[in-house]
Amino acid sequence: MIEVQHVTKQYGRVTAVDDVSFRVERGEILGFLGPNGAGKTTTMRIITGYMPATEGKALVAGYDVFTQPIEAKRRTGYLPETPPLYPDMTVREYLDFVARIKCVPPADRKNRVATVMQRTRIADMADRHCSKLSKGYRQRVGLAQALIHNPEVLILDEPTAGLDPKQIIETRQLIRELAGDHTIVISTHILPEVAQTCQRVVIINKGRVVAVDTPENLTARLTGAETLYVQLDAGGAEAGPALAAIPGVSRVLASDGGFEVESDRGTDVRRELARTIVNRGWGLLELRPMRMSLEEIFLQVTTDESAESAHQPDGATPAAEEASRG
Amino acid sequence: MDSVRNTLAIAGKELRSYFASPMGYILIGLFALLFGAFFRVYLTGFAERSQQMAMGGGAVNVNEWLIRGVLHNVAIIILFIMPMVTMRTYAEEKRSGTMELLLTSPITDLQIIVGKFLGAMGLFAAMLLVTAIDIAILFRIGNPELKPVLAGYLGLFLLGGSFLSVGLLISSLTKNQIVAGVMTFAVFLLLWIINWFADSVGPLGRTIVSFLSITEHLDDFTKGIIDTKHIIYYLSFITFGLFLTAKSVDSERWKG
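The listed protein sequences correspond, in order, to chains A and B. Add 22 to a position in the first sequence, counting from 1, and you land on the number used in my numbering. Add 1194 to a position in the second sequence, counting from 1, and you land on the number used in my numbering.
Just chain B, with the same shape it has in the complex (with noise of 0.2 Å):
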């Protein structure tokens, strides 16, 4: 009960600072235009495929050709955005002294970790959730599945809580958040471009190089298949990343 208690009250601090700036509206404002600008592109694409699809008597499916592209986008945009969200949950509260306060405090380790997770987390939510719109207006006007967007979401929801796990610790590492905003944008990069080397590796070399890109996972969610093995895939990556954050801040413990 506590434990839970203390978890909400580092949560809600994380979530408050990031609108008691104007990061949090900028980084919500960026996503939403970003988003839109994808969504407006695939839908004109997609509108004059249909145009031409019609003319010989046929349709397009809507999910397959317009969601799930501005889906797959959207992981790209995540990638760039997130680092903003993490550099300065750690390194900020190091340079002003604020961690001496958190570690002196009746909460463990952990809990200050999974708080910090859950805050980022709840801005992330809600920069998926202003994207909503452009959904919305899609289901007004079309009649797309719904199940297929609901599974792109949960994926990319996973999707940015592995970023945010990785951006976590790379911040738990450093006191200056631009070192760690650039760190953090630097090995999201490396975690998404590996599987294009996958080819030149080798028929095994590929099958581990693709397991291991953190955006292949993302696939088979943007085609509306929710496959267990994907969200272990991301569970676990969240997991790993938090687990090394709290062995970053005990080590920063003992080295003072």
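The shape of chain A in the complex, shown without the other chains (with noise of 0.2 Å):
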């Protein structure tokens, strides 16, 4: 539904976007991942044909965005990250106006406002004036704008940013909602909205795509080995070298007032593990696997290599992880 094929954007010397593609499949919602200043906006802006590429093409239904603009255009949705709204305009003035750009039939035009202030939730406020709205109702008036047209593709600039809790719960669930009908990109930097919403991420660092997957996989992925987290209520100096002899255990870190126990992938450790701390006769206050989050594995790869060697767990001084390597 959406291609993006090597995709360059310069600004003068400064890259913003390179080399980017991916593919976005119809009904699909794609989750586009990055830092700030990342290249999201930029790419999103690409693809609404917005700006054109310094390199490579965008494809909307199969229409160049650059050389078919209106064909991509009519097909496309999209709330940009400040919701462009007319302050002088009341809202249905402003949703009736965006449907004649968006080329609505004038006989459906009152049916498709009323429709997707419904949908989005924004028809008690129909006929106050976008400057006097709540940043929540820009936001979803943005969203109605974007929708207005009934296109197959939404592109979503964080469409959450600035909304309080309750509100970016609605407006996932809109989303959500939507995905059926219309193929969604959405870019974001919170990390659990790609988690509950989208079906695949492409993470963006510095203008380049440097992992593409679904929530799941990359979370999967990125996990080399099981952790699990141990805590003893005895033991001081001698717990870590112990638990580090059991069979099948590669690594542990002290965190956290207690232990990061890692082993090899496919050996469960825990039987033995319980063993030997009762064992020695302490006592086991807690025994829980952790997985990485999309939060760390986020950090992971987008941090430089040359950074990540530098990095070193949290609370793990450099002896201990000497002293426990087995």
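It is worth saying that the hints were derived from the structure and are not from the lab. Beta carbons: idealized from backbone N, C-alpha and C, even for Gly. Treat the hints loosely; a few may be bogus.
[Unchecked claim] The calculated label-pair distances, taken between Cβ atoms and stated as ranges, are:
| no. | chain 1 | residue 1 | chain 2 | residue 2 | range |
| --- | --- | --- | --- | --- | --- |
| 1 | B | Arg1447 | A | Asp146 | 35 to 41 Å |
| 2 | A | Thr37 | B | Lys1369 | 23 to 29 Å |
| 3 | A | Pro214 | B | Val1373 | 40 to 46 Å |
[As the list claims (entries may be wrong)] Computed footprint of chain A on chain B; a stretch qualifies when at least three of its residues, placed anywhere within it, have a C-beta under 8 Å from a C-beta of chain A:
| no. | region |
| --- | --- |
| 4 | 1197–1204 |
| 5 | 1209–1222 |
| 6 | 1283–1293 |
| 7 | 1299–1305 |
| 8 | 1435–1449 |
Relying on the hints, combine the two individually framed chains into one complex.
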């Protein structure tokens, strides 16, 4: 449905987007994830036809955004980072105007305006001026605007930015509802959002795509080993080496007043671990599996390798790490 | 069909935005006030003159002595007021981010530009229409010729259009509407005073400079002469202004 092929965008000498390629299938929700300034907005602006790419091309529903802009734009709804509202129009007037410039047939216009207002739950604000709306309503009017011509593709740039938690949940709910009929790309720098709404994630950093996968796969793929968190009430300095000596344990890190015990993939060391602890007469306060959160994955893929090698896990002193290597 | 509809949608939005804020009313009011003031000054002058002439048994032409003078001065008022009409057209869209809506909609840059131009022309037409009250009074108490009056208004309309196209271009160059307003005013002033230098640049230069001067071409209209030469001048001026605006919007796109 959306195809981005080797897109590069340069502003003067600065390369904002560097050889980015990805596809979005019909009906899919794609999360576009990256730190601020990674090139998310630029990529979205290229897909929506707001600006041309320096190199490469973007296709929407098979139409090249650059050479057939009108056809492509007819099929695209776009919510920019700041909702593009006219302060002196009422919500209804605004949506009517957008319907006109999005080429909604005159006969359907009234109907479409009513439908999207209902869908985005802004009907109660229909006759209020856009300048008098709260942030949450502005965002929803922005979304209504993107939906007005019932586009096949929806591009939403940080749709939940600046909303309160309740509004965020509502907005995500709405986006999920829209998924079947529309192909959606949402950009965000908030990771849980991706896990909750998207079927696939493109992680972009410094203008380059660093990972493309489902949220689940990303989590699994990047967790090389199984990690357990263990907390004891005794043992002190002996505990670390003792745990590391258990067969199957690859390393032990002191963390948070307990230990992170990493084991080889596929081996379950919990039974052994518990037995060792109990045999030594220590009290086992906590034993739970740790999964790498999306945050950590994100940091891992967006941090340079040089920076990564210098990075120390929280709470682990080099000495403890050294000592624990079995 | 679609392109006409899109253009009119933009024009309608522009026109409505003038009247959604006090701006449209202030501009019309100000224009009517200044027009009325000049009208009154010329009317008094005309009345005195015709009294003098009447003693000698002659008469004064109301078109030549009253309407022509007023229209010439109105050209100057337009020069002062037009920057206020155009300064926000593009600058404001860029500042508030609504430019993103327009440029990602299935409409062409040309439709947007022409739409904005027509919207501003609509406001200008409303401004001129209000001044027709003064002229109507004149028709009631005297008997001026209609044709030169209409020709004069046509001239003003074209002159205003030329100013608007330049104003639109300048507004498309900046995000800041104050900068747009001041720049537009400076350029208008330059276009106006350029023929003051006509005498100092030799015979050929004189021809060129007075041809370029935007107000010079109004003269024949106020005399009641509709010369295609001047119409073509104004129309090409407008086309060129809108063409440059299109280029400016397009280059903005590439720059991001």
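We went through each hint and held it up to the structure:
1. B/Arg1447 x A/Asp146: 35 to 41 Å: With Cβ atoms ~37 Å apart, the hint holds.
2. A/Thr37 x B/Lys1369: 23 to 29 Å: holds (24 Å)
3. A/Pro214 x B/Val1373: 40 to 46 Å: Once the Cβ atoms are compared, 43 Å apart, the range 40 to 46 Å for B/Val1373 and A/Pro214 holds.
4. 1197–1204: Satisfied; 4 residues make the cut.
5. 1209–1222: holds (count 4)
6. 1283–1293: With 4 residues in contact (Cβ-Cβ under 8 Å with chain A), the coverage given for the region 1283–1293 of chain B holds.
7. 1299–1305: holds (count 4)
8. 1435–1449: holds (count 3)
Hint violations for this structure: none, all hints satisfied.
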